[in-house]
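Trainee: Next come the chains, spelled out residue by residue.
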Amino acid sequence: MADMMEYKCPACGGKLEFSSTEQQMKCPFCDSVFDVATLQSYDEALAAAPESDMSWESEAGSEWEQGEADSMRVYHCQSCGGEVIADETTAASKCPYCDAPVIMTGQLAGELKPDLVIPFKLDKEAAKKALLQHMEGKPLLPKIFKSENHIDEIKGVYVPVWLFDAGVEAQIHYRATKVRRWSDQQFDYVETSTFAVRRGGNIAFEHVPVDGSAKMDDTMMEALEPYNFAEAVPFQTAYLSGYLADKYDTDAEASVARANDRIRQSTLNAFLQTVRGYDTVNTEHDSIRLEHGEAKYALYPVWLLNTSWNGTKYTFAMNGQTGKFVGDLPSNKGKAWGIFFGVTAAVTAVLYVISMLLQSGQ
Amino acid sequence: MPFWLCLVIGAVVGGIVVGIMLSQLHTVRPNNAAADYVIRDSFRVTMQDETFLGKTTNRTPRMQQQQQPPHQGGPSQHP
Ligand SMILES: [Zn+2]
Ligand SMILES: [Zn+2]
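For the record, the sequence lines run as chains A and B. So for the first sequence, the numbering used here puts the first residue at 805; every next one is plus one. So for the second sequence, the numbering used here puts the first residue at 895; every next one is plus one.
Honestly, the hints are just simulated from the structure, not real lab data. We treat Cβ as the ideally placed atom computed from N, Cα and C, and that holds for glycine. Each hint should be verified, as a subset may be incorrect.
[As the list claims (entries may be wrong)] Simulated coverage check for chain B against chain A, where a stretch passes if three residues somewhere in it have a Cβ under 8 Å from a Cβ of chain A:
1) 905-917
2) 924-936
3) 939-951
[As the list claims (entries may be wrong)] Calculated pairs, SDA-like style, for lysine to any residue (alpha carbon to alpha carbon, straight line, at most 20 Å):
4) A:K1117 with B:I914
5) A:K942 with B:T921
6) A:K942 with B:A927
7) A:K947 with B:M915
8) A:K933 with A:I955
9) A:K928 with A:A895
[As the list claims (entries may be wrong)] Okay, the calculated beta carbon distance ranges per label pair:
10) B:F897 with A:G1165: 14 to 24 Å
11) A:G818 with B:R923: 31 to 41 Å
12) A:Q827 with B:G909: 54 to 64 Å
Bound conformation, chain B alone (with noise of 0.2 Å):
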């Protein structure tokens, strides 16, 4: 392993490590949804349907063991 990728990977840990300590510091957050005030068992689906619109699908090449440089190709239709 290089020097250089060493060090990124060493600095890595590091912003993590501060990161949990500094996040240790902040506790005021907003509470963005109301889940704690649900009304027990009031939560019902009465509607659900799936409209199937369409598919496309789409082929690349595999690579040929290591010699051939992999060709992209084109998307083709199965409707």
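Chain A extracted, bound-state conformation (with noise of 0.2 Å):
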């Protein structure tokens, strides 16, 4: 054993030991015996696994043409800072993101004209239906809340997301046991069986849309999701007319980390669903290549709607699209102590006679 190099028991982690009496690797943690050359090669295969590879190519968006950019007016939201933009026939006077009034600065310059729009599908009416619904069947929302809604306030907005496909080669190394069970008169046993599995492969993704100004929150454009591709169409200005725009002021490459990671969760998730039969599974190495990334640039709609209550704010907002609505609400902390406690003594007393009856009839 002129080589004998350190490893790590499969099993556990532990650092193995070589037992003369048995001729094998064995773990003073957990009593696994291992073959040497087992070890060997399963070491070889984690060390020659490729690295992860997540790079992206982007050419998103093209330059506005000079008739369309002449006829649209950027707005500046003294408040947030918020920049949105509008077509000339479309007058904008509060902004989206805040509610505060905003003032017309100028025509675009120098701003990526997007590759593709979704067209609203969903009026403001709707918009409006769908809040209120929001709001039914919670009984933990203070009711006043509802009534001090300045609902009308609802505004169309078209969010700038970059979208992005990429190509996956995975490899992924698992570390897996079957346990098997058996009794005699006198012990019961566990037998616990290591395997080191292995799966590679290919998976693809299309259209991951991640949210592009910094204004909106990046987690309510997901919680917004999902939108139907399939409709949406090259983009025209002819689009905007009655709503709002927001720009993009966080780029692709500051963005794709974030589709990165949904990509690299779903591939995961794909890959282990193929790893069955075993009793445990545990991830032990992942190589996650991204092949030909390409990002477009568009707008998705969204119907959003700000309000303060209680010095907190609230945003809400549906998809302009499919009509999905979220939007955190208020609680009523005393309502919710109260039915805690009443809930609590019902339930309790409603056990205690019956333990008592029972007791009494024995």
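Quick one: dock chain against chain with the hints and give me the complex.
Mentor: Here it is in structure tokens:
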């Protein structure tokens, strides 16, 4: 054993020791026994596995044509610093993100033109109806919150998103165990077999969206998903008529990390589902490479309502294509405690009475 | 059932009821995966294998009626 290197126990991660009696590597922590040659090839496979690579090529967006840019107006919000654009026929007066007045600062200059747009499918009436429905059937929502909402302030905004395509090549190593149990007259036995499991293959993603506006909450945009990309059309300024459009202020390079994380997670999920027939499975190493990533710049429709209540800001949003409605609501803390104590007292009393009756019946 | 146990169960039920009501108010949740954007039929597993690394067997003495307290036995090897 000249080149005896350090091995970690594949079962528990402990440092293995060579057992001269068994002529095998033995784990002092969990008593697993391993064959040296197997361990060696296992470690070599791990070391040879390629590193993850997630680079992108981006040629998203294009230049505005002269006639198009002339008809667009840029508005600046003095309260939150947001900038929105609208066509010359649509007068913007309030900021969709903070509801403060906006002022027109001029025309578009040096901005990218979106590649694609998903047009609004649902109108303001649908959005108002969805908001009212959103507040139904929620006992802990303060009643007064409903009545104080300035529901007419709901605004249609085209939110800039970056869309990422990627082909993924993945190699994933798992450590898995099978457990067998049996008994004889004296003992219960538990036999744990450990396996190195590998999977490799491909999967591809298209149009993974990432919010390109710093003013729009990223989590909220994700909560509004999914949008049906089949209805996206090449961008034309005509679609903006009557709506505000935000401009991206987070570029594709800065947005790609979020798309990568989501693609990575879905890739891991897809391969993990193919590792079946084991009692435990742990992912030991993965190399996930994205190939030929391409980014596109698009506008997605969102109905947005910002309100303040008791000094806190609340934002509601509806997917302007599917009608999915999200928005965190305040809770009535007093009522929550009331319900907690009420239910606790009732359940306790019922249980206690039942147990007393059972006892006296015996 | 003693009273304290009734109270504990009651409090757990109360907590669950209020927890469900509070979670109704929270709808802005991140989407950490991209499952909606997988290209149809693009998922291919081109390599799969399994290597047996080893096994370990543990045995514990069975309970003999109610009389004798159980002894913890050490693990034994069956490589
Ligand atoms: Zn171990
Ligand atoms: Zn603003």
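Trainee: Does each hint hold? Answer for all of them.
Mentor: Evaluation of the provided hints:
1. With a threshold of 8 Å between beta carbons, the proposed coverage of the segment 905-917 of chain B by chain A holds, since 8 of its residues qualify and at least three are required.
2. For a cut-off of 8 Å, the count of residues in the segment 924-936 of chain B with a CB near a CB of chain A stands at 11, and the three-residue condition holds.
3. Residue count for the segment 939-951 of chain B with a Cβ under 8 Å from a Cβ of chain A: 13. That meets the three needed, and the coverage hint holds.
4. Taking the CA atoms of K1117 of chain A and I914 of chain B, the gap is near 23 Å; set against the 20 Å cutoff, the hint is violated.
5. For the proposed pair K942 of chain A and T921 of chain B, the alpha carbon gap of about 12 Å is at most 20 Å, so the pair holds.
6. Between K942 of chain A and A927 of chain B the CA atoms are separated by roughly 28 Å; this puts the pair beyond 20 Å, and the hint is violated.
7. Note on K947 of chain A and M915 of chain B: the hinted pairing holds, with a Cα-Cα distance of about 15 Å set against a maximum of 20 Å.
8. A hinted pair counts as satisfied when its Cα atoms are at most 20 Å apart, and K933 of chain A with I955 of chain A qualifies at roughly 10 Å.
9. For the proposed pair K928 of chain A and A895 of chain A, the alpha carbon gap of about 16 Å is at most 20 Å, so the pair holds.
10. Separation of F897 of chain B from G1165 of chain A is about 18 Å and conforms to the stated range, judged on CB atoms against 14 to 24 Å.
11. Between G818 of chain A and R923 of chain B the C-beta distance comes to about 38 Å, which sits within the given range of 31 to 41 Å.
12. Between Q827 of chain A and G909 of chain B the beta carbons are some 56 Å apart, a value that agrees with the proposed interval 54 to 64 Å.
Of the numbered hints listed earlier, those contradicted by the structure are 4, 6.
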